[in-house]
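Asks: Spelled out, the chains give:
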Amino acid sequence: MRSALVRSASDQHARGVRTLLIMPVPDQNEFFIDPNRCIGCQACVQACSECDTHRGFSMIHLEYVDRAHSVQTVPVVCMHCDSPTCAEVCPADAIKKTADGVVQTARKPRCIACNNCVLACPFGVPKMKTEFKLMMKCDMCYDRTSEGLKPMCATVCPSQALFFGTREQIESLRPRSTATNRFQFGAQTITTKVNMMTPRSGRSEYIDVTAAMNERSTGKQISLNVLMEGMYQEDDNAD
Amino acid sequence: MTEQFGPHPAYSQGERLQTGVAPDKLVKTHCCFCGQQCGIQLKVKDNSVIGFEPWEDFPFNRGMLCPKGVKRYLQGSHPDRLLHAYERDVNSEGGFRAVEYDRAIARVAAEIQRLQAAHGKDSFGVITGASLTTEKAYLMGKFARVCLQTANIDYNGRLCMVSAAAGNKKAFGIDRAANPWSDMLKSEVVWISGANVGECAPITTDYVWQAREFGAKIIVVDPRITPIARTCDLFLPIKPGRDVALFNGILHLMIENDWLDHEFIESHTVGFEAVAEHVHEWTPRQTAQVTGISERAIRQAAEWWGEARSSFLMHARGIEHHSHGVQNVLGAINMVLASGRIGREGCGYATITGQANGQGGREHGQKCDQLPGARDISNPEHREYIAKVWGVSADEIPAAGVDCYEMFRRIDRGEIRGLLSICFNPKVSLPDNKFITRCLEKLEFYVAIDFFLNETAQHADVVLPGSLQEEDEGVVTQIEGRVIKINQAVDPPGDARQDWRIIQDIARSLRRERGFTFTEPREIFDELRIASKGGIADYSGITYEKIEKQGGVFWPCTSEDDRGTPRLFETASWNPIARGAGPFYFPDGKARFNVAPYTPPAEDVDDEYPLMLTTGRVVSQFLSGTQTRRIGPLVDQYPEPRIEMHPQLAEKLGIADGDFAKAETRRGDVTLRAMVVTTIRPDTIFIPYHWAGRKSVNQLTISAQDPISKIPEYKVCAVRVKKDE
Numbered sequence: 001m002r003s004a005l006v007r008s009a010s011d012q013h014a015r016g017v018r019t020l021l022i023m024p025v026p027d028q029n030e031f032f033i034d035p036n037r038c039i040g041c042q043a044c045v046q047a048c049s050e051c052d053t054h055r056g057f058s059m060i061h062l063e064y065v066d067r068a069h070s071v072q073t074v075p076v077v078c079m080h081c082d083s084p085t086c087a088e089v090c091p092a093d094a095i096k097k098t099a100d101g102v103v104q105t106a107r108k109p110r111c112i113a114c115n116n117c118v119l120a121c122p123f124g125v126p127k128m129k130t131e132f133k134l135m136m137k138c139d140m141c142y143d144r145t146s147e148g149l150k151p152m153c154a155t156v157c158p159s160q161a162l163f164f165g166t167r168e169q170i171e172s173l174r175p176r177s178t179a180t181n182r183f184q185f186g187a188q189t190i191t192t193k194v195n196m197m198t199p200r201s202g203r204s205e206y207i208d209v210t211a212a213m214n215e216r217s218t219g220k221q222i223s224l225n226v227l228m229e230g231m232y233q234e235d236d237n238a239d
Numbered sequence: 001m002t003e004q005f006g007p008h009p010a011y012s013q014g015e016r017l018q019t020g021v022a023p024d025k026l027v028k029t030h031c032c033f034c035g036q037q038c039g040i041q042l043k044v045k046d047n048s049v050i051g052f053e054p055w056e057d058f059p060f061n062r063g064m065l066c067p068k069g070v071k072r073y074l075q076g077s078h079p080d081r082l083l084h085a086y087e088r089d090v091n092s093e094g095g096f097r098a099v100e101y102d103r104a105i106a107r108v109a110a111e112i113q114r115l116q117a118a119h120g121k122d123s124f125g126v127i128t129g130a131s132l133t134t135e136k137a138y139l140m141g142k143f144a145r146v147c148l149q150t151a152n153i154d155y156n157g158r159l160c161m162v163s164a165a166a167g168n169k170k171a172f173g174i175d176r177a178a179n180p181w182s183d184m185l186k187s188e189v190v191w192i193s194g195a196n197v198g199e200c201a202p203i204t205t206d207y208v209w210q211a212r213e214f215g216a217k218i219i220v221v222d223p224r225i226t227p228i229a230r231t232c233d234l235f236l237p238i239k240p241g242r243d244v245a246l247f248n249g250i251l252h253l254m255i256e257n258d259w260l261d262h263e264f265i266e267s268h269t270v271g272f273e274a275v276a277e278h279v280h281e282w283t284p285r286q287t288a289q290v291t292g293i294s295e296r297a298i299r300q301a302a303e304w305w306g307e308a309r310s311s312f313l314m315h316a317r318g319i320e321h322h323s324h325g326v327q328n329v330l331g332a333i334n335m336v337l338a339s340g341r342i343g344r345e346g347c348g349y350a351t352i353t354g355q356a357n358g359q360g361g362r363e364h365g366q367k368c369d370q371l372p373g374a375r376d377i378s379n380p381e382h383r384e385y386i387a388k389v390w391g392v393s394a395d396e397i398p399a400a401g402v403d404c405y406e407m408f409r410r411i412d413r414g415e416i417r418g419l420l421s422i423c424f425n426p427k428v429s430l431p432d433n434k435f436i437t438r439c440l441e442k443l444e445f446y447v448a449i450d451f452f453l454n455e456t457a458q459h460a461d462v463v464l465p466g467s468l469q470e471e472d473e474g475v476v477t478q479i480e481g482r483v484i485k486i487n488q489a490v491d492p493p494g495d496a497r498q499d500w501r502i503i504q505d506i507a508r509s510l511r512r513e514r515g516f517t518f519t520e521p522r523e524i525f526d527e528l529r530i531a532s533k534g535g536i537a538d539y540s541g542i543t544y545e546k547i548e549k550q551g552g553v554f555w556p557c558t559s560e561d562d563r564g565t566p567r568l569f570e571t572a573s574w575n576p577i578a579r580g581a582g583p584f585y586f587p588d589g590k591a592r593f594n595v596a597p598y599t600p601p602a603e604d605v606d607d608e609y610p611l612m613l614t615t616g617r618v619v620s621q622f623l624s625g626t627q628t629r630r631i632g633p634l635v636d637q638y639p640e641p642r643i644e645m646h647p648q649l650a651e652k653l654g655i656a657d658g659d660f661a662k663a664e665t666r667r668g669d670v671t672l673r674a675m676v677v678t679t680i681r682p683d684t685i686f687i688p689y690h691w692a693g694r695k696s697v698n699q700l701t702i703s704a705q706d707p708i709s710k711i712p713e714y715k716v717c718a719v720r721v722k723k724d725e
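First to last, the sequence lines map onto chains A and B. Residues 1 to 239, numbered by our numbering, are exactly what the first sequence covers, in order. Residues 1 to 725, numbered by our numbering, are exactly what the second sequence covers, in order.
Hints listed in this document are in silico derivations from the structure and should not be mistaken for laboratory results. It is possible that part of the hints are untrue.
What the hints assert, rightly or not - Simulated pairs of lysine to any residue, SDA-like, Cα-Cα distance not exceeding 20 Å: (1) B:186 <-> A:172; (2) B:533 <-> B:580; (3) B:217 <-> B:234; (4) A:129 <-> B:17; (5) B:217 <-> A:149; (6) B:662 <-> B:718; (7) B:434 <-> B:666; (8) B:217 <-> A:176; (9) B:25 <-> A:108; (10) B:25 <-> A:173; (11) B:652 <-> A:69; (12) B:695 <-> B:458; (13) B:217 <-> A:175; (14) A:108 <-> B:20; (15) B:45 <-> A:207; (16) B:533 <-> B:409; (17) B:546 <-> B:529; (18) B:186 <-> A:175; (19) B:186 <-> A:173; (20) A:133 <-> A:91; (21) B:695 <-> B:618; (22) B:186 <-> A:171; (23) B:722 <-> B:610; (24) B:169 <-> B:379; (25) A:129 <-> B:11; (26) B:45 <-> A:56; (27) B:695 <-> B:642; (28) A:108 <-> B:18; (29) B:186 <-> A:169; (30) B:28 <-> A:149; (31) B:217 <-> A:198.
Said to hold, decoys possible - Covered stretches of chain A (chain B as the covering partner; in silico rule of three or more C-beta atoms under 8 Å from a C-beta of chain B): (32) 82 to 94; (33) 116 to 126; (34) 180 to 186.
Stated by the list, open to error - Which chain A residues face chain B? A few, computed with CB under 7 Å, are given here: (35) 55; (36) 69; (37) 174; (38) 206; (39) 222.
Here a beta-carbon is modelled for each residue, glycine too, at the ideal position from N, C-alpha and C.
Construct all of the structure, not just a fragment, from the sequences and the given hints.
Replies: Set out below in structure tokens:
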């Protein structure tokens, strides 16, 4: 259900695009997130803060899922929703999506720093910069992508958990995985410009995020039941 | 002292934060940190590095960088930067007083002359580092032998790659990664032993993951579930210090199941029978008992390794930092040779070098027993050749010196009384470092060349302001054996100058400047090319221009039209030792199997110290932290070391995550917050080593060394832990 507020935002959005001095992101390149590959090194976080439009501030979130039990980490960039919840809930109509599908940082003259977007975004992306009274968020490195460069994070990512390229490239480079851009949050279905890689074996129509939140972290664990004496065990100790 | 010299964490500010500032130029060069040497472009404005831009055309990393590479630019224009020469002066603020550069040089020369006249040439020692360019490393070796005429020179590669180097020389007759990383992509099995790839060689992760996308199985052997281990296909949680037992056990199963390349063993190797005999006792049961890995996992690993048609085996300090590090390496190589999977596309073997010039820095003579071109200082022919290049007689070149730890023991005994250090922070990086501190205080004269006042240099009598990596040019050889070019981005500030100029200034002041009158690094490189010619590490066909044109040149490269050697040991390849007899660097062209016996760590656990301590890196810091502890965003990423321990252990000790815990060995103790995680063996604790003073884990580590490589046993000693009340 889209509110009247959002409809008016969309109309304005169309006009806004014409007035914003922008070059669209080349549409043959897409953003793919492959959390399976993430090594938690924070190169993306550090590189994001080097981006010219928001130097000194990183727009990426990188979190351990459950460090006590796993080194698994998940990098979160803006998913650039087709119907951005952040824009839908913005009472000031400050959040714009450009024609190429990129949801931009709030517009400074309009943003009232109310935090609605921060609370509403199902992916937890927008950041409230109280010192500027402004919501800032990942704009897929608009300054770079509009000039034909890759976003900073996806350029530097050492494990290529963040990948920017064509669909043909990702299909040939990641035969074990498949790209999904539909997410389920309770009753809300969201489709996004950014793709999430999931194992091909478990291919599903959408990713049920709320359900996944209750899952335990995946990956290897050391469950050796030994301490000091009896280092050796007959049974398998790596599961 | 800290107030004046730091470490202060630097952040982006001023022009570095302004978004509209266009750089004067972008300089294509490489990261100053690890052995991967990622290509990077530095943004330069007004002789200052203000940021970076990825360099996507460089073939190894294609724009990829780790957080250290991203923030490396913040080491430039740093408030802690040494801009003058300094003399120790207890009355001055910070304990040092700025002095005129020439006066400092004159004092250094006078002290060297005084000590050497009174106590002999060898009473003055030189310690150097593997982050220096190859030109500087070469010059340091020549400076020690020709100018100072001391046998006592060694380098911090002793802490890093020497076990792999010694093992490779014993087995292959040459010491270099056998393959370019691109070979990994065509491998069916990637075996990683003792290498925290995700944190210590992050870009290598992409190669490993890509190999898996194309069907490879990934086997990781480590006491901890590191990021590369989390999703590997088989994880073997080995007990620290037991690697060769595992390798012997795998070879045992390869023989039992006839997973052998008989033809390769027959025609390209010698010594298989003795090794086969030796591993006979390494049954899966015995292997499991010693290594702490289940029999089932060992059998699975052996089956995947045994049946693979192509493979890539990598190891790093995890198996090398041991009192039997060379045996661990030889055990790994035995597994590779028995499989016959080397010297072909998709069939690879390599050690992951740690330092920027870990490879090149160990080839051209700053190692105590070595001359340029990976020549042997005790070989008369080698001495003769280098003497000719240097314009001295072979008799004048000193004999082999001793490893850097032994040099400190010589300082302790009063045999070495004066020291020059460059690119080395032993007070933080050597084991049992309280001993190192005592030795530093015993020195009659100590001169340190560095760009920041690191913890060791704080003991210096004279500090000379050297150059950052971006303030000089020269070559380094990265992880794959690819020689690449560091390009100068900015000039050294203040009185600081390029290290090779400082060395030449000392030579001039000693009135021994013959052979030390180079005017640019290119001239040093040209002499190095001649010095390396005919040696195993032959650089004679490499030029700066060829490096730029080809995106690096793999040595050996013996002539102008030689494109270099990305892959070693190809069947029909020629080398100067075998001269066509075979692909390996021995007169018969055959590789050597070496019996690799297992011995327990020098200090095993007992009732008093019942746990094992292992040490290593975190992704955001580098080595002794001289640079990375001064880069704010990297400090914030992992502000201080923690004691990693398993919940089973934590519960037994009554320690909760975040509590302060005290780890204690026979040599020292450290009190740090605990990090309680299931990703480590319950009988082992891990502490990263990048910090100084009371946070330095090397207060605890043991100075036991491998008898062959002299590498210290950083990766295991006995420790006890208790909650800090």
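Asks: Now tell me if each hint is right for this structure.
Replies: Each hint, compared with the structure:
1. B:186 <-> A:172: holds (15 Å)
2. B:533 <-> B:580: Answer holds: residue 533 (chain B) to residue 580 (chain B) is near 18 Å, not above 20 Å.
3. B:217 <-> B:234: holds (8 Å)
4. A:129 <-> B:17: holds (16 Å)
5. B:217 <-> A:149: Measuring from Cα to Cα gives roughly 34 Å; hence the hint is violated.
6. B:662 <-> B:718: Within the cut-off at roughly 14 Å; holds.
7. B:434 <-> B:666: holds (12 Å)
8. B:217 <-> A:176: holds (13 Å)
9. B:25 <-> A:108: Distance of about 32 Å is beyond 20 Å: violated.
10. B:25 <-> A:173: Roughly 34 Å between the alpha carbons, so the hint for residue 25 (chain B) and residue 173 (chain A) is violated.
11. B:652 <-> A:69: Given that 20 Å is the threshold and the Cα spacing comes to 18 Å, the pair holds.
12. B:695 <-> B:458: Since the Cα atoms of residue 695 (chain B) and residue 458 (chain B) sit roughly 17 Å apart, the hinted pair holds (cutoff 20 Å).
13. B:217 <-> A:175: It holds: about 15 Å lies between the C-alpha atoms, which stays within 20 Å.
14. A:108 <-> B:20: Judged against 20 Å, a Cα distance of about 18 Å means the pair holds.
15. B:45 <-> A:207: violated (47 Å)
16. B:533 <-> B:409: violated (35 Å)
17. B:546 <-> B:529: holds (13 Å)
18. B:186 <-> A:175: holds (15 Å)
19. B:186 <-> A:173: holds (13 Å)
20. A:133 <-> A:91: Satisfied, since the Cα-Cα distance of roughly 15 Å is no more than 20 Å.
21. B:695 <-> B:618: holds (15 Å)
22. B:186 <-> A:171: holds (18 Å)
23. B:722 <-> B:610: Roughly 12 Å between the alpha carbons, so the hint for residue 722 (chain B) and residue 610 (chain B) holds.
24. B:169 <-> B:379: holds (15 Å)
25. A:129 <-> B:11: holds (19 Å)
26. B:45 <-> A:56: holds (18 Å)
27. B:695 <-> B:642: holds (9 Å)
28. A:108 <-> B:18: Holds: residue 108 (chain A) and residue 18 (chain B) sit about 18 Å apart, inside 20 Å.
29. B:186 <-> A:169: The hint holds at about 18 Å.
30. B:28 <-> A:149: holds (17 Å)
31. B:217 <-> A:198: holds (19 Å)
32. 82 to 94: Since three or more residues must qualify, the claim that chain B covers the segment 82 to 94 of chain A is violated, with 0 doing so at under 8 Å.
33. 116 to 126: Check failed, 0 qualifying residues.
34. 180 to 186: Result for this restraint: violated, n = 0.
35. 55: Hint holds; residue 55 (chain A) Cβ to chain B Cβ min 5 Å, cut 7 Å.
36. 69: Holds - the Cβ of residue 69 (chain A) comes within 7 Å of chain B, reaching about 5 Å at its closest.
37. 174: Result: holds, 6 Å to nearest chain B Cβ.
38. 206: Interface hint status for residue 206 (chain A): violated (23 Å vs cutoff 7 Å).
39. 222: With a closest approach of 5 Å, the residue 222 (chain A) hint holds.
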